[in-house]
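Mapping the sequence shown onto the UniProt record's numbering, position 70 (from 1) lands on 70, and the numbers just tick up by one.
Please keep in mind that the hints were generated in silico from the structure rather than gathered at the bench.
Some hints here could point you the wrong way.
Just the calculated beta-carbon pair ranges, DEER-fashion [stated by the list, open to error]:
hint, residue 1, residue 2, range
1, Thr125, Ala70, 14 to 20 Å
2, Tyr41, Gln124, 16 to 22 Å
3, Pro82, Ala14, 42 to 48 Å
These numbers come from a predicted model, not from an experiment.
Idealized CB from N, CA, C, for every residue including glycine.
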Amino acid sequence: MFLLQDSVLADGSAPPAQVDLDVVKFDAADDQNANKSFNLYPILQLLPNSNEQDEVFTLSGNMAEIRNYAPNEQVKALPNIPGGPRCFPSSAAATLLHMTPNTTHPTILVCGGGGGSGDIPDPQTLDTCYSIKHYDDNA
Numbered sequence: 001m002f003l004l005q006d007s008v009l010a011d012g013s014a015p016p017a018q019v020d021l022d023v024v025k026f027d028a029a030d031d032q033n034a035n036k037s038f039n040l041y042p043i044l045q046l047l048p049n050s051n052e053q054d055e056v057f058t059l060s061g062n063m064a065e066i067r068n069y070a071p072n073e074q075v076k077a078l079p080n081i082p083g084g085p086r087c088f089p090s091s092a093a094a095t096l097l098h099m100t101p102n103t104t105h106p107t108i109l110v111c112g113g114g115g116g117s118g119d120i121p122d123p124q125t126l127d128t129c130y131s132i133k134h135y136d137d138n139a
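Construct the entire structure; sequences and hints are all you get.
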């Protein structure tokens, strides 16, 4: 699995190289790890920022982090999201909450999701939401 970026540049120059995020790498050994399957379809949210880094919020299973995807480096590990995995096959909805010109750090809202029942038929979804201000020192 990899993050795709498709660019058509007006000046005819080459588009940026493909970026492979570590969290979505999956090999034969991972096939034996039932919890790794939650990483196949992570929730990704591009983040606005003023420090000119290419940052993305990544949620795979219940592990949340901020990555600078251009060099593929972790910027910040976030606390695990409660309630079990919220992605694949019963993916949660994730969004950035409303921002204003005075809002420098957005809040990410994640609602629903699978709750860890991905490998059984008829999985039950979570009825809770979770929000995080990823730039707060307490996050």
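Structure-based check of all given hints:
For the pair Thr125 and Ala70, the supplied restraint of 14 to 20 Å is violated, since their beta-carbon distance comes to about 34 Å. In this structure, Tyr41 and Gln124 meet the distance hint of 16 to 22 Å, their C-beta atoms being roughly 18 Å apart. In this structure the hint that Pro82 and Ala14 lie 42 to 48 Å apart at CB holds, the actual value being about 43 Å.
Taken one by one, the earlier hints fail for this structure only at number 1.
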